[in-house]
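Chemist: One letter stands for each residue in the lines below.
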Amino acid sequence: MTALVTLRNVTKSYVRGKQKVEVLHGVDLTIETGEFLALMGPSGSGKTTLLNLVAGLDQPTSGEVLVAGDRIDQLSRGSLSDWRARHIGFIFQFYNLLPVLTAEANVEVPLLLTNLSKAERRRRVQVALELVGLAERARHKPNELSGGQQQRVAIARAIVSDPTLLVCDEPTGDLDRQNAEEIMNLLQALNRSQNKTIVMVTHDPKAAEYASRELHLDKGLLTNDTRRAA
Amino acid sequence: MKMFRQIGAVTAMNFRSLPQRVSTSLVVVIGIAGVVAVLVSVLAMSTGLIRTMETTGREDRAIVMRNGSVAETSSALDRNSVRLIVDGAGIKRDEKGEPILSAENFRILMLHKKADDAEISVILRGVGPRLLEVRPELKIVEGRMFQPAVAEVIVGKSAHAQFKGLNVGDVVRSRGANWTVVGVFETAGDAHESSLITDAETLNSIDQRGAFQSVTALLESPSAFQTFKDSLSANPALAVDVVREREYYRQQSKTMTTIISVIAYVVGGIMAVGAVFAALNTMYSAVSARLQEIATLRALGFGSTAMVMSVLAEALVLALIGGVIGALLAWAFFNGNTVSTLGGAGGLGQLVFELSVSPQLMILGVVWACVIGVLGGLFPALRAARLPVAMALRAV
Ligand SMILES: Nc1ncnc2c1ncn2[C@@H]1O[C@H](COP(=O)(O)OP(=O)(O)OP(=O)(O)O)[C@@H](O)[C@H]1O
Ligand SMILES: [Mg+2]
Numbered sequence: 043m044t045a046l047v048t049l050r051n052v053t054k055s056y057v058r059g060k061q062k063v064e065v066l067h068g069v070d071l072t073i074e075t076g077e078f079l080a081l082m083g084p085s086g087s088g089k090t091t092l093l094n095l096v097a098g099l100d101q102p103t104s105g106e107v108l109v110a111g112d113r114i115d116q117l118s119r120g121s122l123s124d125w126r127a128r129h130i131g132f133i134f135q136f137y138n139l140l141p142v143l144t145a146e147a148n149v150e151v152p153l154l155l156t157n158l159s160k161a162e163r164r165r166r167v168q169v170a171l172e173l174v175g176l177a178e179r180a181r182h183k184p185n186e187l188s189g190g191q192q193q194r195v196a197i198a199r200a201i202v203s204d205p206t207l208l209v210c211d212e213p214t215g216d217l218d219r220q221n222a223e224e225i226m227n228l229l230q231a232l233n234r235s236q237n238k239t240i241v242m243v244t245h246d247p248k249a250a251e252y253a254s255r256e257l258h259l260d261k262g263l264l265t266n267d268t269r270r271a272a
Numbered sequence: 584m585k586m587f588r589q590i591g592a593v594t595a596m597n598f599r600s601l602p603q604r605v606s607t608s609l610v611v612v613i614g615i616a617g618v619v620a621v622l623v624s625v626l627a628m629s630t631g632l633i634r635t636m637e638t639t640g641r642e643d644r645a646i647v648m649r650n651g652s653v654a655e656t657s658s659a660l661d662r663n664s665v666r667l668i669v670d671g672a673g674i675k676r677d678e679k680g681e682p683i684l685s686a687e688n689f690r691i692l693m694l695h696k697k698a699d700d701a702e703i704s705v706i707l708r709g710v711g712p713r714l715l716e717v718r719p720e721l722k723i724v725e726g727r728m729f730q731p732a733v734a735e736v737i738v739g740k741s742a743h744a745q746f747k748g749l750n751v752g753d754v755v756r757s758r759g760a761n762w763t764v765v766g767v768f769e770t771a772g773d774a775h776e777s778s779l780i781t782d783a784e785t786l787n788s789i790d791q792r793g794a795f796q797s798v799t800a801l802l803e804s805p806s807a808f809q810t811f812k813d814s815l816s817a818n819p820a821l822a823v824d825v826v827r828e829r830e831y832y833r834q835q836s837k838t839m840t841t842i843i844s845v846i847a848y849v850v851g852g853i854m855a856v857g858a859v860f861a862a863l864n865t866m867y868s869a870v871s872a873r874l875q876e877i878a879t880l881r882a883l884g885f886g887s888t889a890m891v892m893s894v895l896a897e898a899l900v901l902a903l904i905g906g907v908i909g910a911l912l913a914w915a916f917f918n919g920n921t922v923s924t925l926g927g928a929g930g931l932g933q934l935v936f937e938l939s940v941s942p943q944l945m946i947l948g949v950v951w952a953c954v955i956g957v958l959g960g961l962f963p964a965l966r967a968a969r970l971p972v973a974m975a976l977r978a979v
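These protein sequence lines map, in sequence, to chains A and B. Heads up: the first sequence begins at 43 in our numbering, then just goes up one per residue. Heads up: the second sequence begins at 584 in our numbering, then just goes up one per residue.
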């Protein structure tokens, strides 16, 4: 196994008014290709902050962030957004679909950043929607879909450009038990059969059980790190 | 290529959400349409005036007035001066060697407008017997020419259309005389069409004056002007100014066109500032309504340039729609409408001219609209671009 993500002594502080608040206090972490990592911890412990650093949405205050061979803590804002387009698939708690676009148009959005032909884009969108089991809902707008279905469209969008890493912040946080289970099964299948590396923040111990590794964050420090046999 | 596709995709998404923002977007469209309509129609006045003045006067005619007169109004030439002017070099002469010129005087008549009964001063111009040779562009379109030595007038087409009591057969009363209208004339759309014409000697005999205001002379050619001017200046018995007729009318209208243009730009400018704020407000709320979408797209890897351009594109399209509507409104309502100056523009008397909403003016209006759109869209666009993505994603 090779390391896909390496964090070395990463700190992150926010400035709130005149006060500087350190949220992450020197985190060291390695995530290997093919892992499905569940990041847990109490509210305010810095999970989202850590995830954003791994996803290239934010820059650390100090330390190194190496993802897919790139020192992303050293990239400029502009090149960081190109980098995200190439490497990261995002799944959000509230799906973040674009309300005016149909499911298939939503899934196509990341492909607009590539040089793929229209036909090729359409083919990939089709494949991704089939993978999440929503091919027949391709023409529906988000407000015509249930929460679970919307999240599946969002997953299709996250995988359509075949990113190196999937990051999910509370992907089941807004779903009922049954829909949550379906989403977790889908993510687990993507991890196992497509060998997708996934980093998932969750509050839910049941959701975390689908992951291959569980990591706990408490007050900005990593505590418990457990690997589960597949 | 990729950049264009990004901009196109984001812009297309913005436009699809436009129906949810109709009312705020309409404010911009209507506001800008108003600015452009006002600007274009006021400027149409000055283009119309300029157009009328540019067709008035010829290069090969010269006006002679008393030294130092700014306009015919303040000029006076006695009979002796007129006799000396007749001998000037460069004047076109007939087979018998008689100069082709017209010694002219004028009075002011008060007439009532058909539209609102307002009393307006109109020029009654007295001309010499060779009028038709001096002004070959003058054509009688109704009735006949006036006869000398009787109180008869012909009226210009614009005056005829604007004022009461100027039909053929009507009688116009003035101090000392009752003038019978015997004909209607046109002069290819120039300023004279706003006036009345009669015989200069008749006019003089009625109020027992012996003087003239000016002499208009037809020259051998446009280049004979200098010869004519020099020959008159060389005569120590004469104290006169000589100007080309076209130049004279251009000068007379200059103040007026400048004033109208200044009004257009001042009023248009004030309204434009208002429209910029309306556009700012609308685009700010458009951006705020989409902060989540913008943050999501930025997370997915869309660049900030695409965000800036898409917001600007939306502002520009709204402005363009407003601009085109405004220009078309101005054109539909005002193009070809006649308006008249109040009282005299210099020595021109009351002047009737057509508003001219030219294609250039309409383009100018649309350009203004675009500038307003870009100014109003710029700051909201920069806000969209500078959005801290991680923070915006947290805010639900
Ligand atoms: N932009 C910011 N400015 C100031 N403080 C921030 C900012 N973002 C996060 N914080 C603070 O950093 C700390 C960690 O936040 P973070 O969102 O990473 O926690 P979390 O573990 O994801 O919590 P939750 O489970 O509630 O989502 C919190 O105390 C939060 O208030
Ligand atoms: Mg969080």
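Incorrect hints may appear among the rest.
Stated by the list, open to error - To spell it out: a stretch of chain A is covered by chain B in this simulated footprint if at least three of its residues, at any positions, have a beta carbon under 8 Å from a beta carbon of chain B; those stretches are:
1) 91–102
2) 147–155
3) 179–185
Hints are computed from structural coordinates only; laboratory data are not their basis. Quick caveat: nothing in here was measured; it's all calculated off a predicted structure. For every residue, glycine included, the Cβ atom is placed at its ideal position computed from N, Cα and C.
Chemist: Compare the structure with each hint and give your call.
Modeler: Checked hints:
Counting residues of the stretch 91–102 of chain A whose beta carbon lies closer than 8 Å to any beta carbon of chain B gives 4, which reaches the threshold of three, so the coverage claim holds. As drawn, the stretch 147–155 of chain A meets chain B at 4 residues by the rule of a beta-carbon pair under 8 Å; at three or more, the given contact holds. Counting residues of the stretch 179–185 of chain A whose CB falls under 8 Å from any CB of chain B gives 0; the rule of at least 3 is not met.
In summary, the one numbered hint that this structure violates is 3.
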